[in-house]
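J.: Below, each chain spelled out in residue letters.
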Amino acid sequence: MTEQVIFYVSAFVALISAAGVVLNVRNTLYAALCLVITMLSLAVLFILLNAEFIGVLQVMVYAGAIVVLFLFVIMLLNIRGGDMGADRQPVLKVIGTLLIVGASVKLVPLLSESRRAWPEVGPEFGTVRAIGGTLYTDYLLAFEIAGVLLLAGIVGAVVMGKQRID
Amino acid sequence: MIEAWEYQVVAGLLFMIGTLGVLVRRNVIVIVMCIELMLNAANLSLIAFSRQWGNHDGQIFVFMVIVVAAVEVAVGLAIILRLVSNRDTVNIEDTSLLKW
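Residue numbers (my numbering), protein chains in the order written: chain A, 1 to 166; chain B, 1 to 100.
Looking at chain B on its own, in the form it has when it is part of the complex:
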């Protein structure tokens, strides 16, 4: 029988991989993909806890996370399209106007 902590370990490692991607990659599209990975890790954790307590609330939260992720990707990719048409780059090092 699989225990709850095994799912939490998988979720934790998935979140770490997503964080690593955000830190080391410089391609904006890959960074958005890594944010999706992190959201999915949170989803897996919520679903595992929902199963652990026999309660549906965690699954409702996952539903909301999926809604937010869909909106984020739609708006984020529109921003990336603008970025490429204005500055012709997807590298975030080249878009440092707001960087301190």
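Pulled out of the complex, with its shape left as it was, chain A reads as follows:
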């Protein structure tokens, strides 16, 4: 019962604040703050799904690092909103919105067809120990490649961020 209440509340908050990211036309700063709320309620859902390590990672990396980077850039550039008013291609936007809403209406019964039993998992499931055990054995190569990707990202960000490229 408690689990269901937590699930419905955090799923509702996640969807509403995700809509807030899209609909906050006035101020981009509020959109970024809505993004934080979405990330945090998704972290609650992850922990509800016995993925404690990923939940903590979500709070640290997404809510902590990524959104702070967004806020930093928004405040640095002093960006105003107002990008959705009377502008070009209104017909395409209406068609896009209708397509997305229609696809969502179609999606819900499609996804609810696949009912399966929910297995019991042990207390070890989703802990740092279990994830680390899988990550450093079966997925060692992917882990190393992720490190190389991060290095390439750092170099790319520094090169792009430089005022003058020599």
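Please keep in mind that the hints were generated in silico from the structure rather than gathered at the bench. All values derive from a computational prediction rather than experimental measurement. Heads up, some of the hints might be wrong.
[Claimed, not checked] Stretch-level coverage of chain A by chain B, calculated; a stretch enters the list once three of its residues show a Cβ under 8 Å from a Cβ in chain B:
no., region
1, 35-42
2, 71-77
[Unchecked claim] Restricting the straight-line Cα-Cα distance to at most 30 Å, the calculated cross-link-like pairs of lysine-lysine (DSS-like) are:
no., chain 1, residue 1, chain 2, residue 2
3, B, Lys99, A, Lys93
4, A, Lys93, A, Lys106
5, A, Lys162, B, Lys99
A virtual CB, placed ideally from N, CA and C, is assigned to each residue, including glycine.
Given the coordinates of chain A, work out where chain B should sit on it, guided by the hints.
T.: Then chain B, alone, in the frame of chain A:
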């Protein structure tokens, strides 16, 4: 008891909201945020499937997605900073040099 499909519905709707944002918004920063929303929807789906099968592989994939998202945001925001300092706009309609 919550079933697997309820998580998949939440993930699907979240992905749809992200797609809608990419389609209707013209602010580059908001578009990058909506891409993050879509990545998070995929993460939720992967975690729910990982719980459904009692297998850790989905959580490893989510770890990799988080790494890619962090790199994407770092490089993307650096590109946006360049864009603003060169052309003084965050509206993608004003940066249509490569548009066919």
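J.: Take the C-alpha atoms of Lys93/A and Lys106/A, compute the straight-line distance between them, and say whether it is at most 30 Å.
T.: holds (20 Å)
J.: Starting from Lys162/A, check that the Cα of Lys99/B is at most 30 Å away, please.
T.: Within the cut-off at roughly 26 Å; holds.
J.: Given the proposed pairing of Lys99/B with Lys93/A, does the C-alpha separation stay at or below 30 Å?
T.: holds (18 Å)
J.: Within the assertion that chain B covers the region 71-77 of chain A, do at least three residues meet a Cβ-to-Cβ distance smaller than 8 Å?
T.: Our answer is that it holds, as 4 residues pass the Cβ test (under 8 Å) against chain B, meeting three.
J.: Okay, the region 35-42 of chain A and chain B, do three or more residues pass the C-beta test at under 8 Å?
T.: holds (count 4)
The earlier numbered hints are all upheld by this structure, with none contradicted.
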